[in-house]
Structure formats: C-alpha cells, structure tokens
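Student: Given next are the chains, with one letter for each unit.
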Amino acid sequence: MLKATKKRFDIKILVANSTVSETFELEKNIVKVHGVLVTSDKDDLLYYRGTQKIEINKEEFFPDNYESKLLMSGINVAPKQRYYDLGGVAPGNGRVQISYKDLDDGRTVFTPYRVSLYLDCEMEDEL
Amino acid sequence: MMKEGVIIKTISIKRQGERKHFQIRLPKDTKFIIGVEYGGRLISRMEGTVEVPAPKAKAKTDAMVIEATHSTADSGAVRDDKPKALFKRNQLVGELKLQSCEEANWFYAADVFGNDANLNWGDFSQAGFPVNDFTHGNKRTEEIVKVDAESTIINGWYLDALGKSQKLDINYEIKVYVWINVEE
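Protein sequence lines, in the order shown, are assigned to chains D and F.
Numbering of the first sequence is given in my numbering, commencing with residue 1 and proceeding in unit increments.
Numbering of the second sequence is given in my numbering, commencing with residue 1001 and proceeding in unit increments.
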C-alpha cells in the first residue's frame, strides 16, 4: 500500500555569500517525489538572499541561481497546496542534492541561519 | 517525451533609467516556451550622487486615503479624524518585455513590482506577527505563455523605473526565468 510522507533535510548557512552543497538520501521504499518546498528559521534571509540548485537522482530540477523565494509558501497558502508540484518524480537512486548559495541583498543583514528542504513523497508501506 | 526545464537570465542594472537589451539562448531541443516569471535582488541601495529633495510633510502622493462613507452618528462610533484606510502604491521596479524570433511583437510584457505593499490589508492581528511577503506571501507560479522556440533565441528589453523614480543610481539584479518544453 502506498502512503504519503514528508521528508525534511536541513543545511546551515554560517558564512555570508557562501555556497553550501549537501546530498541527502531518501529511503529505499520511497517511490515518488511529488513536491518540493523550502523554508528557514529566518524567512527573510532565505527570501531575499537565497538561490539554490536542486537535483534528484542526478537530474536537475532547479538550476543554479533559482531564487528560493520562488519555492517558498507563506501561511496564507493552504497546507495541502504549499509544495511546488514536480508531478511525481521517480527518485531513482534516492539521492537528493541541494546546492544553496547565499548572496548579499541590500534589505537584509546576515546572521547564520538554517535552510530546510521539504519533500512531499509517496512511499510503500513496509507492513 | 516532453520535459520541462527553466533557463535563468540575470540582468544587472546600475544606473537610473538604464535600458538593457539582452538575449536568452535556449537549448537546441527546445520545442516551446511555456512560462515566464521574474525575481530580483537589491545589491546596493545608492551609489549615485544625485540629491533627493526631502519629502514634504503633507505630501501624500504615494497613498490614497479612503474615508468610511457612513456617518459616525449612525454607527455610534467616536470620530477620531484619522484616515480609515491607506492603500499604498507598490514600488514599480521596471518594465520587462520579451520577444521571440518566431513572431512579431512582444510575447511577454510586464511591469516588475517590488513587494506587495498592501499585503497586510484586512489583517487585524498584527501585534507580534507582522505581515510580510516571506511569511504571508502566496505561492509563486509562472505566467503561462505558449510560443514556438524553433530559433532558440529570445530577445529581451528591460527599462529601469526604480532608480528613475528615486533619482538615484541603484544597483540591482533582475532574474528572468523562462520555462521551456524540451523534447527528450
């Protein structure tokens, strides 16, 4: 039986104007990735300063310099509609790579922050 | 099989009223342009030396005051002579236009605006949780277009309005996202 599950992966941005790349692994029983969402503990820094590249199974879904604000949803968006729809991607080897770039913006002052990548997945029930 | 992809073009603006012509190259296997969206980043607020006159205290050029039309006597409310509502004009950042080599005229034209200045309208619970684009903003989606992409080049044009309106050289970037359909 298939069931919906949400996965969260965190990266820390400790230095201004730096790039942080990390690769995460999904469980083997995940069969589809339906959506993607990014949030942060300091939303304004993510919104104004962030860009990222996201790859799943070595396939690039969002290229370098794709602004994080385009993948964010505010609390005015219904919870079931917050994820950016990828249309049910097969995860392949299950490796999800995010390459996040922080860039100065005149409206913000840098302070270390966390970026969270959420994936809306479908997994096979282990039972 | 058709696959979606996105091409990003960064336009750098440094002078007030700057006009930029640019080209966006698409991959050779592109079949259609299916959507356009944009974003921006402020690099530095002012690099110009032009002096901006101090705003006059009573000038309200950027806001429209709307008074409630019902009489206070009817409602029983005490009149406080404060404006009941203020609509703020969104900051116009520039004009963006895109043209395909396949067809005459622009296929995309947009006024590029900054943050939504009236996002907090109708919200009466602002104590402690101010309304901002990054907390209360809607999900962004591309504007849908459908244009042939046989020639794989898009011509673009951008005109600064932010620096011009503030009479300053403002250094900022506009990113144009062109969503495409690619044949695998």
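Source of the hints: derived by calculation from the structure; they are not laboratory data.
Heads up, a few of these hints could be off.
What the hints assert, rightly or not - Computed spacing ranges between beta-carbons, pair by pair:
hint : chain 1 : residue 1 : chain 2 : residue 2 : range
1    : F       : S1165     : D       : F24       : 40 to 50 Å
2    : D       : I75       : F       : G1114     : 15 to 25 Å
3    : F       : W1121     : D       : T23       : 38 to 48 Å
4    : D       : D10       : F       : H1021     : 23 to 33 Å
5    : D       : D10       : F       : I1024     : 31 to 41 Å
6    : D       : A78       : F       : N1090     : 42 to 52 Å
7    : D       : R95       : F       : R1015     : 24 to 34 Å
8    : D       : E122      : F       : M1001     : 16 to 26 Å
Stated by the list, open to error - Think about it this way: if two alpha-carbon atoms lie no more than 35 Å apart in a straight line, the pair counts; the simulated DSBU-like pairs of lysine-lysine are:
hint : chain 1 : residue 1 : chain 2 : residue 2
9    : F       : K1028     : D       : K32
10   : F       : K1167     : D       : K58
11   : D       : K12       : D       : K32
12   : D       : K58       : F       : K1088
13   : F       : K1003     : F       : K1167
14   : F       : K1175     : D       : K58
Just so it is clear, CB atoms sit at the ideal spot from N, CA and C, and this is done for glycine as well.
Student: Please go over all the hints and tell whether each is borne out by the structure.
Tutor: So, going through the hints one by one against the coordinates:
Remark: the range hint 40 to 50 Å for S1165 of chain F to F24 of chain D is upheld by a beta-carbon distance near 44 Å. The hinted range of 15 to 25 Å is satisfied by I75 of chain D and G1114 of chain F, whose Cβ atoms lie roughly 21 Å apart. For W1121 of chain F and T23 of chain D, the hinted distance range of 38 to 48 Å is satisfied, since their beta carbons lie about 43 Å from each other. A beta carbon spacing of about 42 Å between D10 of chain D and H1021 of chain F contradicts the range 23 to 33 Å that was offered as a hint.
Separated by about 34 Å at the C-beta atoms, D10 of chain D and I1024 of chain F satisfy the suggested range of 31 to 41 Å. Taking 42 to 52 Å as the suggested C-beta distance range, the pair A78 of chain D and N1090 of chain F does not conform, at roughly 25 Å. For the pair R95 of chain D and R1015 of chain F, the beta carbons lie near 45 Å from each other, so the given range of 24 to 34 Å is not met. For E122 of chain D and M1001 of chain F, the Cβ-Cβ distance of about 21 Å falls inside the hinted range of 16 to 26 Å, so the restraint holds.
Note on K1028 of chain F and K32 of chain D: the hinted pairing holds, with a Cα-Cα distance of about 29 Å set against a maximum of 35 Å. Our distance criterion of 35 Å between C-alpha atoms is broken by K1167 of chain F and K58 of chain D, whose separation comes to about 47 Å. Restraint check for K12 of chain D and K32 of chain D: the C-alpha separation of about 27 Å stays at or below 35 Å, so the hint holds. Distance restraint check for K58 of chain D and K1088 of chain F: the Cα-Cα separation of roughly 45 Å exceeds the 35 Å cut-off, and the hinted pair is therefore not satisfied.
The suggested pairing of K1003 of chain F with K1167 of chain F is violated, with an alpha-carbon distance near 44 Å, which exceeds 35 Å. Distance check on the hinted pair: K1175 of chain F and K58 of chain D sit about 25 Å apart at the alpha-carbon level, within 35 Å; holds.
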